[in-house]
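What follows is the residue order along each chain.
Number of protein chains: 2
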Amino acid sequence: MDKDYNDIKVIGFDADDTLWVNETYFREAEEEIGLLLSKYETPNKIDQELFKIEIQNLPTYGYGVKGFILSAIELAIDLSNGKVSNNVIEAILEIGKDMINKPIELLDGVEKVLRELSKDYKLILATKGDLLDQERKLKKSGLIDYFHHIEVLSEKQEDNYKKLLKHLEIQPKEFLMVGNSLKSDILPLVNIGSKAIHVPFHTTWQHELVNDIESNGSDYKTVESLTEILKFFKAPK
Amino acid sequence: MDKDYNDIKVIGFDADDTLWVNETYFREAEEEIGLLLSKYETPNKIDQELFKIEIQNLPTYGYGVKGFILSAIELAIDLSNGKVSNNVIEAILEIGKDMINKPIELLDGVEKVLRELSKDYKLILATKGDLLDQERKLKKSGLIDYFHHIEVLSEKQEDNYKKLLKHLEIQPKEFLMVGNSLKSDILPLVNIGSKAIHVPFHTTWQHELVNDIESNGSDYKTVESLTEILKFFKAPK
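Line by line, the protein sequences are chains A and B.
Mapped onto this note's numbering, the consecutive letters of the first sequence carry residue numbers 1 to 237.
Mapped onto this note's numbering, the consecutive letters of the second sequence carry residue numbers 1 to 237.
Looking at chain A on its own, in the form it has when it is part of the complex (with noise of 0.2 angstroms):
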């Protein structure tokens, strides 16, 4: 047992790209939508556009499918000067649908810790995005009894997190938060005063990855793989 997770009455994970594959849908979503407008624009200013109209759109959308759906019905608009055909926006709503259909993709080693850390922790899934979305997914993806509840957060803020806590009726030093993002699933909880782990998504992040574990200690720690987090609780042999 790691001393510094003493405290820890509630762990809290993230859900997309952290139990199951998330991130690679909407990369595979955007390609399909450069596809569909490529008589319009080149790949990459599309890809440059629908992060911008997503980005404008964040605060009236919020996070999940159907918001990005919605941006990149815009950008078909916009980038087309009116003239994109209801064919290629019918294409674009039936990606939509389809990503929200896609069956679940657990990450290695998922159950075998959730089946762990259960034992003795009250397990939570705080996720952003759309509620509907998340309770699907977990249910899917066999997971649900371990876990005491979903909290959707609507941003993953400092804010978010005291009001989880309060809600939670519990100490900053007994949460701990288990993530693939720095900016999401860690920094705002290293910064309240609760403890974290970085667990990585992208096989591309490794060259990151490496400075991660260099800077590992009491802010925040970094595996490469959620497996690896049984350790911090494990007695030492």
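Simulated from the structure, these hints should not be mistaken for laboratory data.
Be a bit skeptical, because a hint or two may be false.
Straight line, CA to CA, 25 angstroms or less: simulated DSS-like cross-link-like pairs of lysine-lysine [said to hold, decoys possible]:
#1 A:K139 x A:K97
#2 A:K140 x B:K9
#3 A:K166 x B:K234
#4 B:K122 x A:K163
#5 B:K83 x A:K166
#6 B:K162 x A:K119
#7 A:K140 x B:K122
#8 B:K140 x A:K166
#9 A:K231 x A:K173
#10 A:K140 x B:K162
#11 B:K163 x A:K162
#12 A:K162 x A:K102
#13 B:K162 x A:K9
#14 B:K97 x A:K166
Partial selection, computed: residues in chain B whose CB lies under 10 angstroms from chain A [unchecked claim]:
#15 P59
#16 T60
#17 K66
#18 I69
#19 L70
#20 E74
#21 S80
#22 G82
#23 V84
#24 S85
#25 E90
#26 D133
#27 H149
#28 E155
#29 H167
A virtual CB, placed ideally from N, CA and C, is assigned to each residue, including glycine.
With chain A held as given, fit chain B onto it using these hints.
Same frame as chain A, but now just chain B:
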């Protein structure tokens, strides 16, 4: 104090059309969409077809403005046989953004009721729909401090409420739900052994209301306006 409520620890409030106006905005949006598509069909047919597509898409999109708008775009393409102009689709996107950014119009007596009851009970907001939308509305409403937290339920069915009680760590008889929808806010609660107070929203429901009041009894209570619920919690004079 009504003896029915002796055990109550937590009171859940529905949000849309219980604390603030919502349904009215959807009706207005439907009218605008009807006008936009009036060259393809009669208003009545457009309404029916929109409802049909919304119901078909409900398992995929869930509740809320974004799913409504995606369904409306699908409708526009369908009804026009793939000939609807980009201008119309853009106008539908705008209707959605306007709906999301509408100001909050509180219903009568809401603040008084929450102020009174929050002295003695843990209050939660229990709502369907989109978390971001609901958080934004709650923030705009100025009511945020009365609530312990927001619970967004993907559906308001018995199972969802059972999960909510588990999450709150209370018994069914310790929970009272207040809302405008018999189907979503009242009957599932009665069925799981919790308490419920029905506050119908539409003035056009007045006729139905009388019958509800007559059926008052052990199952659930019906009141004509939110402030009336206070009478159940005040010591008898």
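Do the hints match the structure? See the list:
Note on A:K139 and A:K97: the hinted pairing holds, with a Cα-Cα distance of about 18 angstroms set against a maximum of 25 angstroms. Proximity of A:K140 to B:K9 is assessed by CA-CA distance (about 34 angstroms); at most 25 angstroms being required, the pair is judged violated. Taking the CA atoms of A:K166 and B:K234, the gap is about 29 angstroms. The hint is violated against a cut of 25 angstroms. At most 25 angstroms may separate the alpha-carbon atoms for a hinted pair to count; B:K122 and A:K163 meet this at roughly 15 angstroms.
Between B:K83 and A:K166 the alpha-carbon distance is near 52 angstroms, which puts this suggested pair outside the 25 angstroms criterion. Restraint check for B:K162 and A:K119: the C-alpha separation of about 22 angstroms stays at or below 25 angstroms, so the hint holds. At roughly 33 angstroms between alpha-carbon atoms, A:K140 and B:K122 are farther apart than 25 angstroms, so this suggested pair is violated. For a cut-off of 25 angstroms, the pair hint linking B:K140 to A:K166 stands: about 21 angstroms separates their Cα positions.
In summary, the hint linking A:K231 to A:K173 is supported, as the alpha carbons are separated by about 19 angstroms, within the 25 angstroms threshold. Restraint check for A:K140 and B:K162: satisfied, since their Cα atoms lie roughly 20 angstroms apart, inside the 25 angstroms limit. Proposed proximity of B:K163 and A:K162 is supported: the alpha carbons are some 23 angstroms apart, at most 25 angstroms. About 33 angstroms separates the Cα atoms of A:K162 and A:K102, which puts this hinted pair outside 25 angstroms; it is violated.
For the hint pairing B:K162 with A:K9, the CA-to-CA distance comes to about 23 angstroms; that is within 25 angstroms, so the pair holds. At roughly 32 angstroms between alpha-carbon atoms, B:K97 and A:K166 are farther apart than 25 angstroms, so this suggested pair is violated. Taken as an interface hint, B:P59 checks out: its beta carbon lies about 9 angstroms from the nearest beta carbon of chain A, inside 10 angstroms. Interface hint status for B:T60: upheld, as the beta-carbon distance to the closest one in chain A is roughly 5 angstroms, under 10 angstroms.
At its closest, the beta carbon of B:K66 sits 4 angstroms from a beta carbon of chain A; the interface hint therefore holds under the 10 angstroms criterion. Annotation: interface hint on B:I69 holds; nearest CB of chain A at approximately 7 angstroms, less than 10 angstroms. Annotation: B:L70 was flagged as interfacial toward chain A, and the flag holds, the nearest CB pair being 6 angstroms apart, inside 10 angstroms. Because the closest C-beta pair between B:E74 and chain A is about 6 angstroms apart, less than 10 angstroms, the hint holds.
Because the beta carbon of B:S80 sits about 7 angstroms from the nearest beta carbon in chain A, less than 10 angstroms, this interface hint is met. Because the smallest distance between the Cβ of B:G82 and any Cβ of chain A comes to about 4 angstroms, under 10 angstroms, the interface hint for this residue holds. For B:V84, the interface hint holds, the least distance from its beta-carbon to any beta-carbon of chain A being 6 angstroms, beneath 10 angstroms. Proximity of B:S85 to chain A holds as hinted, the smallest CB-CB distance being about 8 angstroms (cut-off 10 angstroms).
Hint status for B:E90: holds, given a least beta-carbon distance of 6 angstroms to chain A, under 10 angstroms. Because the beta carbon of B:D133 sits about 8 angstroms from the nearest beta carbon in chain A, less than 10 angstroms, this interface hint is met. Checking B:H149 against chain A by beta carbon gives a least distance of about 4 angstroms; that is within 10 angstroms, so the hint holds. Interface hint status for B:E155: upheld, as the beta-carbon distance to the closest one in chain A is roughly 9 angstroms, under 10 angstroms.
Below 10 angstroms, beta-carbon pairs count as interface contacts, and B:H167 has one with chain A at about 4 angstroms; its hint therefore holds.
Violated hints, in rising order: 2, 3, 5, 7, 12, 14; the structure is consistent with all others.
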